[in-house]
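J.: For reference, the chains in residue letters:
There are 2 protein chains.
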Amino acid sequence: MTSETDVQKSADGSTPGTPTTPPPARPAFGRVTGPAGPGDTALATALQKVLDGHWADTRRTTREAMTPEVLSPIGLSMEEHREHVLGQLSRLAETGIPKLGFRKEDGGAGDAGGVLTAFEMLGHGDLSLMVKAGVQWGLFGGAISNLGNEEVRRKYLPDAISLDLLGCFAMTELGQGSDVQNLETTATFDRETGEFVVDTPTPSAEKAYIGNAARDGRLAAVFAQLITPDKDGEPDNHGVHCLLVPIRDSDGNDLPGVTTTDHGHKGGLLGVDNGRIRFDKVRVPREALLDRFGAVDADGLYSSSIESDGARFFTMLGTLIRGRVSVGAASGAAARTALALAVRYGLVRRQFDHPETGKGIPLLEYREHQRRLMPRVARAYAYACAQNAIIAELDEFEKFPDYFDDRRRREMEAHAAGIKAAVTGWANETISEARLACGGAGYMAENRLTTMRADADVFSTFEGDNVVLMQLVGKELLTAYASEFGDMDQVETVTFALNMVADVVQEKTRASTLWQKLVDSVTDREHTDLLDRGNQLELLVDRSEHLVETVARRLRKAQGEDGSEAFKVFNSAQDHILAAGRAHMDSWVFEQFVEAIEACEDEDAREMLGMLADVFVLDVVDRDKGWFLEHNRLTTERTKAATAALNRLCTKLAGKARTLVDAFAIPEFVFDVPMLNDGGVDAPVEAAAGAEGLG
Amino acid sequence: MTSETDVQKSADGSTPGTPTTPPPARPAFGRVTGPAGPGDTALATALQKVLDGHWADTRRTTREAMTPEVLSPIGLSMEEHREHVLGQLSRLAETGIPKLGFRKEDGGAGDAGGVLTAFEMLGHGDLSLMVKAGVQWGLFGGAISNLGNEEVRRKYLPDAISLDLLGCFAMTELGQGSDVQNLETTATFDRETGEFVVDTPTPSAEKAYIGNAARDGRLAAVFAQLITPDKDGEPDNHGVHCLLVPIRDSDGNDLPGVTTTDHGHKGGLLGVDNGRIRFDKVRVPREALLDRFGAVDADGLYSSSIESDGARFFTMLGTLIRGRVSVGAASGAAARTALALAVRYGLVRRQFDHPETGKGIPLLEYREHQRRLMPRVARAYAYACAQNAIIAELDEFEKFPDYFDDRRRREMEAHAAGIKAAVTGWANETISEARLACGGAGYMAENRLTTMRADADVFSTFEGDNVVLMQLVGKELLTAYASEFGDMDQVETVTFALNMVADVVQEKTRASTLWQKLVDSVTDREHTDLLDRGNQLELLVDRSEHLVETVARRLRKAQGEDGSEAFKVFNSAQDHILAAGRAHMDSWVFEQFVEAIEACEDEDAREMLGMLADVFVLDVVDRDKGWFLEHNRLTTERTKAATAALNRLCTKLAGKARTLVDAFAIPEFVFDVPMLNDGGVDAPVEAAAGAEGLG
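Chains U and V are the protein sequences, given in the same order.
Just so you know, we're using this note's numbering here: the first sequence kicks off at 4 and counts up by one.
Just so you know, we're using this note's numbering here: the second sequence kicks off at 4 and counts up by one.
Any given hint could be a false lead.
If chains are identical, the list can't say which one is meant, so a pair holds when it fits in one copy or spans any two.
Below, computed lysine-lysine pairings styled on DSS-like, alpha-carbon distance capped at 30 Å [stated by the list, open to error]:
# : residue 1 : residue 2
1 : 643       : 571
2 : 234       : 284
3 : 102       : 560
4 : 560       : 571
5 : 560       : 643
Source of the hints: derived by calculation from the structure; they are not laboratory data.
Keep in mind that this is a model prediction, so the values were computed, not measured.
Pulled out of the complex, with its shape left as it was, chain U reads as follows:
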């Protein structure tokens, strides 16, 4: 068997010498069979401060404003649920929260971070409400705000904000989800009448899965290929642009030429009315074009401040970044809710009697139960901190775009995509695990977990499919800030990647000063161990870099090949590119977590967070030990020791589990569920004060 000391062995397996800094003393913990009531309040408050982040005030006011009505109702029909959510949306509009996100000149508060934080917290309640809010204010309102000129913003935004005008963000088509650049819907300028003709030329061009399209939407922000006549009258395609197209009259009837269809029942989110929209040569005035980045004058002449079609397209897609950040944040909140429910249940539900005491053993006292939940609790902390970081970055970008050179902006975009993919995928697994950890009770809708799982499921697909987004992270690492990227199609990307130098990547992933500081402090590499923070960062960054470097080498093969061969090379490396993207997100997320820990001033909290960080890394090592061994990053002694240390730390953390989830600061009414109160669970048997204490 392995011991704690083994974890501290160096990578080459030699016995450790005297470390430069002695490992921090770890607190001793009581057993899980301590109190199942509220945990250590002081510690929970200190931890909460770290998780609350920059927008702690917004969190507080939102938390106070939340009532049980924001929870997902059970057993309503689809139409009833839609009606209920629309009502909740109105209440949300009245709070003034949605306004936060719009520019001051548009009647908002210019507080992107605030609105993202507030919407994140809707993830503790009914995700239908969160999604409908995101569709209305984030996507529909966001498109007008980001792409419209002053006149159009003045005309529509007040009503969009107040909810007098509900709208759609009509981008996805039945045949084109991820490949937005090749949407089929057309908007052709008719010089005779000065109008655009919006059309759905093929069945696959029908707009699909569009929120607000089945029932409530009146106006749609429609993405279409913008076509103007050139000087010979031939069609000239300027790429995808966005136009505002009315789709319903005030009685809710489709307007002439528009056909909407209700998607009906989905896997979840029954409160959101998703539908399809088809356009049969619908005419809209020239002013319908949101022309901030591309305008058409009365003569049909096209002009844009951005020359390249590709660059313009990616600029216009900027609207999606907020959406991605928002979706990641809300699904993180949902996962924390699920974990808090499962942890609380694990502390009061007992199974099998203890051989000595004869009392039932709380589920969370079992090793397997600890391993199922505690690494997820650790990751929940890390993701929450990373999510705070990306929200802060986006907020700064929106406030001071000039601070952002192309490189910083692209990095932000890649991380927004990456964290959305990482968190939403993980959240669904986590909610599933939480539901399983609650047994039969977990399957009853009244205990919330199944609805949460069903609703959050599609978060892995919308706002960018997770595989496509993670691939985007991998590609971005490869092309490392090349400004040409915007114009490059898949083949060119491959070809371009060949010239990529590892140095650039290195520069990028190692840019953080914190990282440098921590790594510099490690004076003797041989004596570092898996519980050393600098070594942990090094381990994760090194994995990510190695994956990028080796994938670049593979792609180099495609150089000079024709398109077919180049695609083959790219495709056979696809799993490798995705692995690079995932590894990078692990290291980036961990870096954000460590930064948040460093900034924490409460000593007990910092210690506890340090253990969570250890669990994060040991869990990565445990799950990917094949890689670390294959690439001689760790010896088999060390990987075995890592697993043993992970087990021990999970047991320790389980002793503080209630405190750890209390720090999520989820409104208490969320936990008013039968499984935490009914006859299936026992009151805590050993509720002596201090049994769960730190000392």
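With chain U's structure known, arrange chain V on it following the hints.
T.: Chain V alone, transformed into the frame defined by chain U:
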């Protein structure tokens, strides 16, 4: 990069010499962009024959009897869905299929294999129907059939079979799910009146999650602690027994002393009316006791043919074995359905244009998509074969119990538990992956995947929680057929395990003659490779054995310790015990798969199945490479080569994907879903005959 040859390197990394048998030539495959219509019919038929197994005739007649009405309806309210399923249940009763499973003397056909196979196929449709059928005929009917005397069987079974009497299987309690031996409900004999008094003494003793309890059930098979007065009039507890207790009158009202509650909405299975039942000193006549294994005479004297309480209890639980086998089989069928939907979609849905042809690339042509789906297709084949094997074993047991010594019976029980845990957990992950692989379309209820996922979710929990069942497999491996086990509580198990000798385990897991034959044929161990069948078996069996041996060594520490310390030792090894159980199930499942392949007479099919077997093993190696490296079972060169070979084989199999899922022989109406027909997908562009052919 690695090449196919690397896979053939020996474990010590030396260059291979001349293998005794040359590796079989592998067929060349066309590209995925071949026909998306029906695959290779002859090959599909040959493969289907392997999957259909012993009860091919039952499969055929059931398949022919299935109509679109068995599919899960969309958008019904809970009450409407319950009504619909009850109607379908009546139709099912009329087919005579449920009768198959009962003994001939009880009006059945004594064909356990037949009924299990037929119920498995309901897994292609509405799982609510499958579960309600399982509750009514499998559990309720099964309890009467297995535990009742001739009189009681004659009295109730005809109505239970015909559906004139709907019933419940009331075992689980709110506070006791997995620890059935410690149920709290009591049935106390009152000598004065000659009745049993059935009582729910505490809130946690309430029967919970019981199918048919909320609405349709009239009579419940209630599991309770059987208490009789001893000669001094003191209560004497004989352990858990089963009694038939009427719960509702013919108008559906609760009978006096009985309180039923509706669980209402669940995460899925809305067509099944689960509820709670509480008994307030309900009196039933002495004949209500199902007394085959334990009877009480008019004087209140208890007698049983099985002396030990523990052994008697496990005998009575025999009813659960069929349930476990049935649940595993149906969720396997659901997973195959999900895979077939996702594969078909992956062949017709295109994303991004090919750089050369300009045509959209089918999803299944992408490496990542292949890696998501093809290893699951391979495992679906393996599980189907293993499921056929356990059904055949159970069928033989029910027909010829005398053929089964204690050891064989216990092995069957462990495998029934293990396959239930393995398949249901995997099925849920697989349905999730299939839904993700279908993007936005996958989330629309009309395309069936989300309902399937929601319904199958609880299969991981009911009929034995998967963690508890897998632990049971691990413990069974440890205690290896000790007849004492039945009486041992957790501490004793631990203590007993200390005396366990590795030889016994070895004998057990290596019992198969096929395995012996294949391993014997490998004359020179050094020259074996990862594509050699004997070596593959050896690899999987060796992993399982090593895990069992090392866990036994750990448990030895508990020897002589008190209960508290012994539990600690057991608990800290829990993840290890589970890993042993899972590894054993992998090797057992693989063995069943290989036996089925050996029995296949069609050469093309055998070749294809061989590739699926390779993918099964390479996927195990890829996912668990950390273990194989840590324990020096494989070198890093070999694990890397295994991953590369897995990638290549997945691409090859993707070229035959349609054929592979056609062989599942799922009724075609299941595929009449919008996403396979609407504008989002293209007709196959290169449907030239033979493009997908074997040659």
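J.: Please go over all the hints and tell whether each is borne out by the structure.
T.: Going through the hints against the structure:
Taking the shortest Cα distances, residue 643 and residue 571 sit within 30 Å of each other only across copies (20 Å), while inside one copy they are farther apart (38 Å). Taking the closest pair of Cα atoms, residue 234 and residue 284 come within 30 Å of each other only inside a single copy of the chain (23 Å); across copies the shortest separation is 93 Å, beyond that limit. In this assembly of identical chains, residue 102 and residue 560 lie within 30 Å of each other by CA distance neither inside one copy nor across copies; the values are 51 Å within and 64 Å between. Taking the shortest alpha-carbon separations for residue 560 and residue 571, only the intra-copy value of 10 Å comes in at or below 30 Å, while the best inter-copy value is 55 Å.
In the homo-oligomer, the alpha carbons of residue 560 and residue 643 lie at most 30 Å apart only across protomers (20 Å), although the nearest pairing inside one protomer, at 37 Å, exceeds that limit.
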